[in-house]
Amino acid sequence: MTFIPCTNRSPDPSSIPAAAGVGLRFPHHQAFVDLRPSVGWLEVHAENYMGGGTPLRYLDTLRRDYPVSLHGVGLSLGSVDGLDAAHLERLAQAVERIEPGLISEHLSWSVVRHTYLADLLPLPMTEEALEVVCRHVDQTQERLGRRILVENPSTYLQFRHSTIPEWEFLSSVAGRTGCGLLCDVNNIYVSAQNHGWDALAYLDALPPVAIGEIHLAGHSVTTLDSGATLRIDDHGSRVAPAVWKLYEAALIRFGPIPTLIEWDTNIPPLDVLVGEAALAERRLSCCRERSRHAVVA
Amino acid sequence: MPSLRELQDAIRRSIVDRDDLDAAAWILDGGIGPGRRLSVYRNTFASTLIRAMRLSCPAVDRLVGAEFFDASVREYVAVRPPRSSYLDEFGGDFADFLEQFPPAQSVPYLPDVARLEWAVNCSIHAPDAPVLSAAELGIVDPADHERIRFQPHPSVSLVCSRFPVDEIWRSVLAGDDAALTAVDLSSGPIWLIVQRHESGIRVDRLEATTWRFLDDLFAGCTLGNALSKYPGIDAAKILADLFVQGRCARFSLANTAVPGP
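Listed in order, the protein sequences are those of chains U and Y. At position 213 of the first sequence (counting the first as 1) the number is 212 in numbering that gives the first Met the number 0, and the numbers step up by one without a gap. At position 218 of the second sequence (counting the first as 1) the number is 217 in numbering that gives the first Met the number 0, and the numbers step up by one without a gap.
Part of the chain U face toward chain Y, derived, beta carbon under 10 Å:
hint, residue
1, Gly73
2, Leu74
3, Trp108
4, His113
5, Asn193
6, Ser225
Stretch by stretch, here's where chain U covers chain Y in the computed footprint (C-beta under 8 Å, at least three residues):
hint, stretch
7, 39-50
8, 84-97
These are computed hints drawn from the structure, not numbers from a lab. Here a beta-carbon is modelled for each residue, glycine too, at the ideal position from N, C-alpha and C.
Working from the sequences, and respecting the hints, build out all of it.
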């Protein structure tokens, strides 16, 4: 594929366009600076830019040409111990430094008793957990002085004592805290397949006004000895056909929303990643057409 | 029904201590046993941290081989899991762990290679900071020079070893087997300074006394005390080098000429 260099782009760093973007990862730093591929925006993991040195310099360069969104993976909104104040401070400094158009985190937890469990762990869907998450979203938004988006997780287990469906839990977090939602369509598909949920019903239950961003990624399928399968959200391949279909359904419900391709393991050459973004962009432009016709009609 | 506190403690035991007993009782089976479901998270914990450690310790990884490295990190994270989600700060005591790790005893220089890689890693991730110039010291009355305390640039650190770990580190990363074979393990102790420059990370050797003098200065010892501790040292040359190389971020004046730590 050929790269179309981005020229005459005048980004508004404070807003992420309703276009397809890609997750910027270290192996692509130099290629991105050299080739300036045509993607609508970039998203980076906040934790990778909390220090100084080379990563920040690459990002400073790219920030001139691409709007940037900041995606946290370590705040642990669901920790019963409370937020790690030092980490929230690091996030606040990264936000001040990078001036991202969007800031997002996850409906999950990763830290207990000062131990980081290095994964986005599932919460029990209970009133107690809902209260904890809302308190921490409030605290984060207050410290950052702006709205964040909270992403739906991919999960491989459910707790017996959960009483609230995940989609309702997310809607309540958005309703109570005023945060937005990051709708990870791949995560909905993975969780729905793993737990026997109806993915379309999940989408229908989310409040459209709260959706600020969509994530797409690849996942893997593990077949266990018992013959049962478990889908794992490993961000290590192209977006699955069924996830593209679900994405189209999401666009019909939510309208054109900034959409990100995430690829974190087995990271491919940049043109493969940009190609995935082009597939999302094609669907987004159909969606924009539809919205225009709807307005005209 | 467990409280969120009880549940998160139980998941911690499942992931770090490999004890599923409590957590499994609270998880729906749904055709896949709770133990198998929990193992997905346990595997991510291990693989994420192994990947992080492999990125920060590439020379240790290549010296011992991937299989041994993975096993070492699995043991390491079981006894010393990361304290926070900021993984740039994770791995500082891996060298100490290797020192006590029986299977690693046959490679006596391994912990010091890990120490050097940790210093390199800290240097890579250190915050950006302005560099102190000689001109800024011009405002200090010469009578106060002995009260000066230097704060090193955040990317600077000092490392020493009984082994030539800088040669080992370089030849391993360059994949230069001939150079690695030629390393003389009995060539005597080395004194290193690690720093991030515009061009990348640099690891330079220092003369032993210069290293000790800087080690004292960077630990907060006043210039006066450091000078009296190392009589005859060529301080003018060392300080000039300090400024030219941008090794200091700031200075301050001690209230009185008290002994350094």
